[in-house]
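Enquirer: From first to last, the protein sequence lines are chains X and D. When the letters of the first sequence are read in order and numbered with this note's numbering, they come out as residues 1 to 217. When the letters of the second sequence are read in order and numbered with this note's numbering, they come out as residues 218 to 641.
For the record, the hints were derived by calculation from the structure and aren't laboratory data. Quick reminder that beta carbons are idealized off the backbone N, C-alpha and C, glycines included.
Partial pick of chain X residues on the chain D-facing surface, computed with a CB cut under 8 angstroms:
id	residue
1	16
2	24
3	65
4	89
5	90
6	113
7	116
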Amino acid sequence: MPDRPLSIVLAEDSLLLREGLASILDRAGHEVRDAVGDADTLLAVVRKNPPDLVITDVRMPPGHSDEGLRAAAAIRAGFPTIGILVLSQYVADAYLSSLLETTSGGIGYLLKDRVGHVTEFLASLDRVAEGGTVVDPEVVRQLLARRRDDGPLAALTPRELEVLALMAEGRVNASIAEQLVVSEAAVRKHVGNIFAKLELEDGLDRRVSAVLTYLRR
Amino acid sequence: MRGPDNVWAALATRRYLVSSWPWRSYAYLLSSIPVGLVTIVLLLLGITLSALLSPLIVGILMLTGFPLVGVVIGTVERWRVRVMVPGGISSPHATMPARMTLRERLRFRRREQGSLRALGYGVLLGTFGWIASAAFAGLSAAVIVVTLLAPVIATDDRLEMGPWSLDSTSEGVLFLVTFGPLWYVVSSYFLGCLAGAEAELAKAMLGPREDELRRNLAELRRSRLDLVDAFETERARIERHLHDGVQQRLVGLTMTLGLAELDLPDGEGKRLVVKAHSEAEAALADLREAVRGIHPRVLVDLGLEAAVREVADRSPLPVTVRMTLPTRLPPPIEAAAYFVISEALANVAKHAAATLCQVDGWIGGDRLIVTVSDNGVGGADPSAGTGLTGLVTRLDALGGTLDLSSPPGGPTRLRMECPCRLDD
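Isolated chain D, as found in the complex (with noise of 0.2 angstroms):
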């Protein structure tokens, strides 16, 4: 069973006092004292290092680099904060473009909003936070050791506690088994709220914000759309260089071959020159077929409709293609939708054991969606096959889905969901 995952919940469980909780909020506590000290000391040697240093140019420009101790605090106070917020705060800085130089990524962090939240935040640690938490925590660490070290001192010397004084063991004892567990409740729940409103003070100032949020999931959307577009271009540059190529010499070497088959009379050496023609022949077919599957021309010249009649058309089984689609859509979002087609109806002729076949295309609002059915045995296990999981994977990245239902005894149907645009 897991405990709960904040010191609030911790706090209105009954559990709350023999959980690891109180002692979460003890060693944060304590733990924020040096890391506030540090901060202060750092924070205070740096102004007055400007300061003195004012009157060349060094020293503003030593403040403008305040934001980058602000990022070295956020980290340090992301990761201590683990302690008491076991999932962690997330970062509220960019992920910064690929190839910058060092100079170019301080002055891209500097700029940051987050660190200057974070900066702030460490000068509230380093002038109250720090404070607060030894006053409080350290005073309740003391009386709690004093206490369980009663028995001992009050053995040997006396000990003075307000109204009693201790000068044996058993007044000891009997001072911590009183006196002990009470103060093990109060300090615990007082401190529990202290540390979880430390906490909450981290995760307000040092998490990502809304807007902030939003655009790195804007920027992560950019990056994978950046690498279906780079998946995208290679492709068309392999069949390019496919067609213009390889493609075009065994052609020639066909002709060729062609030619040769005629200056020569009958005999071994025509029977080798034939051989060797219906071989490069063979390895042209294969080629196309290779081709095709790269990056479909037709797909590219006449657009998705077209592509999809002409694997349809080259389906085992009869294929009834409806497809209404009044626009070229995207070239990546065609790709997309024209390889789920293929893999599913490669999958339809393969597993379903299905004598009909119907894709379905049309345009619903600002979505293309396409659906593949049949008439086949169903219990088609989406997770099984590689063929697809790939495809989901570009899809998702256009912001589309892909849906399989596949009951036992069928029927078996695919339908695909995608945005008609990228930019959104």
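One chain only, chain X, in its complex shape (with noise of 0.2 angstroms):
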């Protein structure tokens, strides 16, 4: 059972999907108030009763293009502390960089194979409604290996990057820990080291701040 039932939206035009993302949901012990197979739909039931997360599918109905990005930036605008989760098909940081233009609010990007991992995706879901930053693991392994010689990230070393980038994932210091089997203690140095090296903004979580560093650029 999840520390509290989330109350949740749910976006996806196939129905076997649609079904599937709903009983996992269901088995958490999540409510799944509507379950919608187009963004305009998904937008009415918003707006008639916020729900505290959404999860929505990039590509829906009726273009079969963004609609449902396009669906998650009108929600948070409207709606700035309602999570977003997107589901997508395809590793596109394109669309990301799209959905972390909004920056308050929990965020998350995904791939849908993710949602396979009943455990992991379940904590994901309780890190977006939280307020925090998922981005899925395949979408930041390809940042990564985007070499670049300029911007605020020249600074880090092969290993704070490594770290920064599960930091992006939305890991939390004992599982990154865990993940490049080193100490808590040595993950906390590395965190404390990118800290210091980037350049981030006031006000916001220096966690999340960083994580849009890295994932903007």
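Quick one: dock chain against chain with the hints and give me the complex.
Expert: Rendered as structure tokens:
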């Protein structure tokens, strides 16, 4: 059972996936208030009765292009406190940057495959509901593969970049330590160095701010 | 060594008399006799018949069919004229749209200007052409035959030649050697000119006019564009099918397997389910890669610039993208540019041993210009790879070009240019 049951609106045009997602969320004790198949209905139900969290597909009817993303942006503009988790069939940071342009409130961008890792998926969900940022490891891996000689990240060591990448996935220090097979103290030291090296925006959680720096560049 | 390719050029050379051209001229002129005769007989028969039948509607209907006779004449004559014009004359007829019934096809041809011109040519050939040919080529051939046979004829008979009369073999031989070459020279030049003139007439009346050439070119371009279009549509259809069908099912499968993992106690059964789960995920990852190769979603949703940045990000070497496109371009052009760039980047990563790569894209006038340059070893051979060849064909259909400059030692620079609009 989760810390607190969330009221969730689900937008996914494939009936198969909608049912699958709903049953996973149900099992976890969350309340799937509405499960809809297109972006317009999504906006309508959210406006009528705002949930804690919205889970939406990127590609949805009627145009089957990025309606889900646009709906997410509209929800973010109208209800900044609703957590938004976007599920995508593709790794495309072009979509990600448009999502991250609005920074308040929890935001998540995951590949649909992640839903199958039920425990991790539910943990990501909670993090987004709490206002955190969760980005798919695959996207992070791709961003990491990009070598850049400029920007604030140039000062970081490869290890620090690795830690930052795991932070971007939404992991806490303990989980990062486990992943990298180092002590939690070592992770804390790396995180401290990262905060020191990056010029972080004021008024934001330093962790989120560091991750955003990393993702935006 | 190849000889001159028309009779006029041949006439100007010193080798004319020993070339094949005098004989071609004979062949052309003599063959126009039967063709001209058949033509005029057919035409006269047709006219008579339709005149007789004109009280009935059939006769009038027959008259409207006359241009079709022109089509046949044109076909035969364009074939026959190859004796004089080795390259042949191209047909003025338009390609007919696919899926026409026979009736529609006949009507289409009947209404073409080229058919009427061919009919006119047939009338000329039937009334003057074959008579002139028969008169000059026939007479000349007869004189040559008689001259050649003079020694034989003169042996047994008397041969009256104007003021002379030949009545012995030696006189015949004398006539052959003195008069024969002279006649061959004079008649060859004369008949060459006559045959050349007839061929010119055929060229002028049976070949395509300027506007017909232009129209054919436009038709060709349109049909190639249609092909590119059909190709794109098919790609999009396959992509959508994979996305909405196979991919969704696989995702559904991983969800079910994920749920099963939660319920199963540790043991062999759970180990197998976990294994199945990771295999399903691997299949999904492969499928994602394939779908992107077929028709990248980002390209459709967000345009060329965003899609190119995605490819650049996936490249194993640092790629700088400088692209400024004020508007979205038509889908086939965006797709062609995208595939050129992704193919080029793949090639750079594979072969160039480069450490830096740069993609630039801008609109110059009414053209999209894209360059991909790297600091690698150069020496890229455009004919060696097959990847870019298909893209060249595609660009060609869009009116675009692809240039590769890759001197040994580098740098390599690929430049693509393509009109921004499809309709010109």
